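Protein sequence lines correspond, in order, to chains P and X.
FYI, the working numbering numbers position 124 of the first sequence as 124, with every residue one higher than the one before it.
FYI, the working numbering numbers position 125 of the second sequence as 125, with every residue one higher than the one before it.
A few of these clues could be false.
No farther apart than 30 Å at their CA atoms in a straight line, the calculated lysine-lysine pairs in the DSSO-like style are these [said to hold, decoys possible]: (1) X/Lys212 to P/Lys114; (2) X/Lys223 to P/Lys112; (3) P/Lys148 to X/Lys223; (4) P/Lys53 to X/Lys223.
Hint data in this document are derived by calculation from the structure and do not stem from the laboratory.
All values reported here derive from a predicted model rather than from experimental measurement.
The residues making up each chain are set out below.
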Amino acid sequence: MVHLKVNGVDRAFEGDPEMPLLWYLRDILGLTGTKFGCGMALCGACTVLQNGKAVRSCSKQMSTLGGAEITTIEEISVRGPHAVQAAWVDVNVPQCGYCQPGQIMQAVSLLKSKPAATDDDIDTVMAGNICRCGTYQRIRAAIKQAAKEMA
Amino acid sequence: MTKNEKFAMEKFAIENVSRRGFLQGMFSAGAFVLCARLVPQPLWAEGASAGAIDGAAFHPSLWVGIQTDGTVLIVAHRSEMGNGVRTSLPRILADELDADWSRVKVVQGDGDERYGSQDTDGSHSVREFFDVLRDAGATARLMLVRAAAQKWGVPESQCVADPVHVVSDRNSSRKLGYGELASLAAKLPVPKKEELKLKSPDAWLYIGKPAKGLDAPDMCAGKAVFGMDVRLDGMLYAAVARPPVLGGKVKSVDDKATLQVMGVKKTIAIDPFTAPHAAQPLGGVAVIADNTWSAFKGRNKLQIAWENGSHVVYNSGQFKKELQETARQPGKVVHTAGDVDAEFAKGGKIIEAEYFAPHLAHASMEPPVAVADVQGEKVTVWSPTQDPQNVQEQVAKALGTKKENVLCHVTMLGGGFGRKSIPDYAVEAAVLSKKTGRPVKVVWSREDDIKFDYFHSVAAMYMKAALDESGKPKAWLQRSVFPPIGSTFDVSAVYGSDGEMNLGWTPFPFNVANVRAENGKAVAHVRIGWLRSVANIYHAFAVQSFANELAYAANRDPYEYLMELIGPPRVLDQGGHASQGIAEKYPYDIGRLRHVAEMAAEKAQWGKRKLGKGSGMGIAVHRSFLTYVATVVEAEVDSQGSIRIPHVHTVVDAGIVANPEMVRQQFEGAAVFGTSIARTGEITATDGAIDQSNFSDYPVARMNDAPYQTDIHIVESKAAPAGVGEPGVPPFVPALCNAIFAATGKRVRELPLSRNGFS
Numbered sequence: 001m002v003h004l005k006v007n008g009v010d011r012a013f014e015g016d017p018e019m020p021l022l023w024y025l026r027d028i029l030g031l032t033g034t035k036f037g038c039g040m041a042l043c044g045a046c047t048v049l050q051n052g053k054a055v056r057s058c059s060k061q062m063s064t065l066g067g068a069e070i071t072t073i074e075e076i077s078v079r080g081p082h083a084v085q086a087a088w089v090d091v092n093v094p095q096c097g098y099c100q101p102g103q104i105m106q107a108v109s110l111l112k113s114k115p116a117a118t119d120d121d122i123d124t125v126m127a128g129n130i131c132r133c134g135t136y137q138r139i140r141a142a143i144k145q146a147a148k149e150m151a
Numbered sequence: 001m002t003k004n005e006k007f008a009m010e011k012f013a014i015e016n017v018s019r020r021g022f023l024q025g026m027f028s029a030g031a032f033v034l035c036a037r038l039v040p041q042p043l044w045a046e047g048a049s050a051g052a053i054d055g056a057a058f059h060p061s062l063w064v065g066i067q068t069d070g071t072v073l074i075v076a077h078r079s080e081m082g083n084g085v086r087t088s089l090p091r092i093l094a095d096e097l098d099a100d101w102s103r104v105k106v107v108q109g110d111g112d113e114r115y116g117s118q119d120t121d122g123s124h125s126v127r128e129f130f131d132v133l134r135d136a137g138a139t140a141r142l143m144l145v146r147a148a149a150q151k152w153g154v155p156e157s158q159c160v161a162d163p164v165h166v167v168s169d170r171n172s173s174r175k176l177g178y179g180e181l182a183s184l185a186a187k188l189p190v191p192k193k194e195e196l197k198l199k200s201p202d203a204w205l206y207i208g209k210p211a212k213g214l215d216a217p218d219m220c221a222g223k224a225v226f227g228m229d230v231r232l233d234g235m236l237y238a239a240v241a242r243p244p245v246l247g248g249k250v251k252s253v254d255d256k257a258t259l260q261v262m263g264v265k266k267t268i269a270i271d272p273f274t275a276p277h278a279a280q281p282l283g284g285v286a287v288i289a290d291n292t293w294s295a296f297k298g299r300n301k302l303q304i305a306w307e308n309g310s311h312v313v314y315n316s317g318q319f320k321k322e323l324q325e326t327a328r329q330p331g332k333v334v335h336t337a338g339d340v341d342a343e344f345a346k347g348g349k350i351i352e353a354e355y356f357a358p359h360l361a362h363a364s365m366e367p368p369v370a371v372a373d374v375q376g377e378k379v380t381v382w383s384p385t386q387d388p389q390n391v392q393e394q395v396a397k398a399l400g401t402k403k404e405n406v407l408c409h410v411t412m413l414g415g416g417f418g419r420k421s422i423p424d425y426a427v428e429a430a431v432l433s434k435k436t437g438r439p440v441k442v443v444w445s446r447e448d449d450i451k452f453d454y455f456h457s458v459a460a461m462y463m464k465a466a467l468d469e470s471g472k473p474k475a476w477l478q479r480s481v482f483p484p485i486g487s488t489f490d491v492s493a494v495y496g497s498d499g500e501m502n503l504g505w506t507p508f509p510f511n512v513a514n515v516r517a518e519n520g521k522a523v524a525h526v527r528i529g530w531l532r533s534v535a536n537i538y539h540a541f542a543v544q545s546f547a548n549e550l551a552y553a554a555n556r557d558p559y560e561y562l563m564e565l566i567g568p569p570r571v572l573d574q575g576g577h578a579s580q581g582i583a584e585k586y587p588y589d590i591g592r593l594r595h596v597a598e599m600a601a602e603k604a605q606w607g608k609r610k611l612g613k614g615s616g617m618g619i620a621v622h623r624s625f626l627t628y629v630a631t632v633v634e635a636e637v638d639s640q641g642s643i644r645i646p647h648v649h650t651v652v653d654a655g656i657v658a659n660p661e662m663v664r665q666q667f668e669g670a671a672v673f674g675t676s677i678a679r680t681g682e683i684t685a686t687d688g689a690i691d692q693s694n695f696s697d698y699p700v701a702r703m704n705d706a707p708y709q710t711d712i713h714i715v716e717s718k719a720a721p722a723g724v725g726e727p728g729v730p731p732f733v734p735a736l737c738n739a740i741f742a743a744t745g746k747r748v749r750e751l752p753l754s755r756n757g758f759s
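Chain P on its own, in the form it takes in the complex (with noise of 0.2 Å):
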């Protein structure tokens, strides 16, 4: 049994102990929000914040998760858009969208550790998470824009 926190709700996972994060939170508990990309942690699709910080869901299995807080995209604009989420909409970033939950928590995280970010931060952190649609140019601006509001 793993006991953990799932967007402050309190949980119990009696499952495979194997399964990683990403498919109890998909198929389990129905949080469709993050995304399956790649499986192993190349694509950043899957990326959710544990206690705090950016991880990949795809590849942190449940056994390793007892008393962590997981925080989702949907958990981030419970109480209306968050500054990251609301940049996004204003630059127009999504195309196709099925990257931007994961690009999104990766920038929360990004600018929780790294407020006034450089282009060298974003691009070497954002580096982790692939845009097909190749919206990156956006996801600067936008993420520079979010830095700006959240000042």
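Let chain P serve as the given structure and place chain X on it in line with the hints.
Using the frame of chain P, we list chain X on its own:
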């Protein structure tokens, strides 16, 4: 098979269907609903009027409805995969309706042949439906105006739809909202097409004005429902182990360990296909579980012995040599002008070059996925698909039922790029739902997606030119060889179709007197499909790289030389290289081609900026999907061969642009997609099986690989709307390679760049 030009000039009849009671549950009593119904071709002779339609057989297709509270519902009958159609198409209708965009709701249409083609590919959503959407909006507006005139008892000419969502009385301050007029308009006959007054472009509210994506807020909140996100009560999850070599079969299977995995229910065999494979499942063994992870884990524990079949001979290294050898020999002539051989025989300066481009995988961020629920004869499918009618057709065929029994709900697509126009994955879900009696979701892993794609074709090109004293070509020969897409539907297909030839090989845009274009034979050993801009990718790579090589051979500035090659403004004789109707509506205007190139050079300050050591600019120009595009790429290459792309300028002439914001997004994205192709895009096979598996060995461009800044410049035009989803890709790759040559002196004739010592 000329899929990218296959759309006929479809005709629509607009009907008032307010009282037909269709779309029940969607509209309130008294709602005003118009439908634009596809007129079957045999009825064209009778005129595209409502009278020609058999009312009893009526079924809704494209439609707009106005609720009594003023809410406007507009169907989006095309698939949204990042192309922006759920925003751009309804805005065209809303414009002629003079509707308030904030009161418009977009409803996704299910698969239904009465929409006409729903196949969202070939960059034709806007260009095909622009006119009918305007007509439908203008019809509804006129009927609302007439309703107001009737209500007030004044002449129609006294009423005007102004400013939005209301009809005003010119002689008083009276106004009636669209919602208030709906139930009266619902009773009026549909005006004739001749009575419609379409707006002049200067009065457009939405067409040509930038609008953000309708779905962006939901996407950013994780609320948009993609195929991957569909969940049904009692749904089972499936992962399929497919034969690693095309046409392979299961010899034996041991599923003992699989059945031990927590959550796994059973395994089910899926039959191999009967050639041609088309959209049939590849066959194999499905693992059925109560969640995705258990299905994946169970599949990993299957012990399967495969019988590989004839395609086990496929080895990419050897195949490349064969393609190149074929490209050196005469092929089938697909275009000829003057006498190339006579000119070559005269000697002079002869330049030859060979180009090669490998297979590519689509790798959309959402891998293929589908949910199917088979209940007796009735089948319901939820699928991220570019072509819901093809889902209906292929599922019906596989289950031995009628197409009408298959309902296909179209979810949001997490990218498509052509992969999701072939619904083999939806067929898998349907077959498994039938066998289990439960709704089944088939989830493809990234490895499945990359190994079992309908690949973009591998291609070899041979180019030869004879230059005169000034360095201008007197004769030009080009030959391309690639396993054609037709092989997916016909095992004997070895030549490119007219459609593939028309993607960047014919017609020939340069002003050269003696020209011959050829195509050589090639046999496919993997499934070949459509990938964003298709054959344009390798054709533009060869033509635009070779033009650049000739410029250097002639010791000329590449941009100036390119302009000379393009020659004076003229309308190109397309010589049968475009379907009828297309050539008339969309003449190949060399003046427009010149203009985009000139503008790109100007925006990038070609030849006017001093670039540092290891930096260079490259230009390429290409017309595809009826749109003229020029791209200038600036590249920096360090001593280790590491490439950085600081700036890209792309100029687009797509005629009238429905939504410039979406056009910018498409062309920004095309530069990144092109970067992936150029830098690292390569799929290879060993003994018939695909070597790559995930983003580790099939890398795609990341933020730090992509162009830092891409500026899109849209040419103002009154010409008919053309495609925007794909045309940005073809010129990008040669423009980048030409920039790398300018920066380093190293010519890239074989893609990707990673095979040429660059990273």
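Hey, P/Lys53 versus X/Lys223, does the alpha-carbon distance stay inside 30 Å?
Satisfied, since the Cα-Cα distance of roughly 22 Å is no more than 30 Å.
Does P/Lys112 sit within 30 Å of X/Lys223, going by the straight-line distance between their CA atoms?
24 Å, holds
30 Å limit on alpha-carbon distance, applied to hinted pair X/Lys212 and P/Lys114:
Cα-Cα ~29 Å, so holds.
Given the hinted pair P/Lys148 and X/Lys223, is their Cα-Cα distance within 30 Å?
26 Å, holds
Of the numbered hints given earlier, the model fails none.
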